[in-house]
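*Asks:* Listed below are the residues making up each chain.
2 protein chains.
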Amino acid sequence: MQQRSEETRAHILKSALSLFSKNGYDATSVAEICQAAGVSKGAFYHHFVSKQAVFQSLLEGWLSGLNLQMDALLNAAPDVPSGFMRLASMAGPVFRDAQGQFPMFLEFWTQSSRDPALWQTAIAPYRHFLELFSNTLAKGIQQGSIRPMDPKLTAQALLALAMGVVLQAVMDPQETAGGSVAEQGIRLLFEGLKPHQEGDQ
Amino acid sequence: MQQRSEETRAHILKSALSLFSKNGYDATSVAEICQAAGVSKGAFYHHFVSKQAVFQSLLEGWLSGLNLQMDALLNAAPDVPSGFMRLASMAGPVFRDAQGQFPMFLEFWTQSSRDPALWQTAIAPYRHFLELFSNTLAKGIQQGSIRPMDPKLTAQALLALAMGVVLQAVMDPQETAGGSVAEQGIRLLFEGLKPHQEGDQ
Chain R
1 MQQRSEETRA HILKSALSLF SKNGYDATSV AEICQAAGVS KGAFYHHFVS
51 KQAVFQSLLE GWLSGLNLQM DALLNAAPDV PSGFMRLASM AGPVFRDAQG
101 QFPMFLEFWT QSSRDPALWQ TAIAPYRHFL ELFSNTLAKG IQQGSIRPMD
151 PKLTAQALLA LAMGVVLQAV MDPQETAGGS VAEQGIRLLF EGLKPHQEGD
201 Q
Chain G
202 MQQRSEETRA HILKSALSLF SKNGYDATSV AEICQAAGVS KGAFYHHFVS
252 KQAVFQSLLE GWLSGLNLQM DALLNAAPDV PSGFMRLASM AGPVFRDAQG
302 QFPMFLEFWT QSSRDPALWQ TAIAPYRHFL ELFSNTLAKG IQQGSIRPMD
352 PKLTAQALLA LAMGVVLQAV MDPQETAGGS VAEQGIRLLF EGLKPHQEGD
402 Q
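Chains as they are written, first to last, in our numbering: chain R, 1 to 201; chain G, 202 to 402.
Treat the hints with caution; some may be incorrect.
[Unchecked claim] In silico contact screen, one side only, chain R against chain G (beta carbon under 8 Å); selected entries:
hint	residue
1	G24
2	V30
3	D172
These aren't lab readings, by the way, just hints derived from the structure by calculation.
Fair warning: this is a prediction, and the values are worked out from it, not measured in the lab.
In this text, a Cβ means the ideal position worked out from N, Cα and C, and glycines have one as well.
Only chain R is shown next, with the shape it has when bound in the complex (with noise of 0.2 Å):
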């Protein structure tokens, strides 16, 4: 009985996620996400409150895997800077992986701006790899491989690098090699973050 649910919850999450991708959150009701999953209604709402907590899910499922690959490459590398080239070299993959599924990220944000409750969740994960990326910038500071600077500030701009290298890639697929521009920008961030050396002014 508990895989037989296990497996019903796994077949209305692949369903939603088709269904979002391809109609957008908006457009898709319940009723299609169970028609496509071939559930009832009543097995849906056993499994998820509303159409948005399967939202939630499947936005926690990708974070959480994404997140899992984040740590790996940061704490196998020798030093913060080359951590952070590391991330940035993951991010083809990731476009990769994600494709057909930004827009639909970029939906919800959207309308999360608007609606308090839907922002609470847009704004976790937000708020999650600003404090990871703060917290290894300050790591970076006092093992001396980046410059004395502002962490949090500088986590904001590598994460707004990050976010909009993501936009680009759901704005314009074919001209934007996502990876390449996120590996220039993390270098060059890099190069800025390099401690001065002695000699420099």
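Put chain G on the given structure of chain R with help from the hints.
*Replies:* Same frame as chain R, but now just chain G:
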């Protein structure tokens, strides 16, 4: 008669901007715009072929103002890096002026990623800024104020930073000192773009 017609057009644009910002582009109908502007549907369609044309006109008005300011700042600066720093210092005022309008732009971008006709409207200013940044960087390389690198890729990274700063301002207006993040990001990027000094490795 000519003056009356210009006034009607301006009324329609003002009412549409206010409704789009408050309720969203999708949720706003031509009938509501007409009512708010105090004009007939006939008068509306005399000036605009569709709701999308109104949005396009608002976007073009906003961008051409921004563009004039950017050109003036870049041209008045003593060199390319300080030109971009002056652009970054514009971010604060630009955010204040555009407050409440970004979610609407974001909504339009999202929709345009699914609609080829809208996409042409959304992509044109993006490509324009990309070209402006790319040409300006190429000028800096030629003049020796920027180290030799790929101007287009670097322009994409700069534009990604700018777009990400806008996204942060939409998502997290309380936490985001948009101007400072833009300045920090541009400062670091241009540290990375400095020409190598004699004596550098």
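*Asks:* Take the hints in turn and mark each one as holding or not.
*Replies:* Going through the hints against the structure:
| no. | hint | verdict |
| --- | --- | --- |
| 1 | G24 | 7 Å, holds |
| 2 | V30 | 20 Å, violated |
| 3 | D172 | 6 Å, holds |
The structure shown violates just one earlier hint, number 2.
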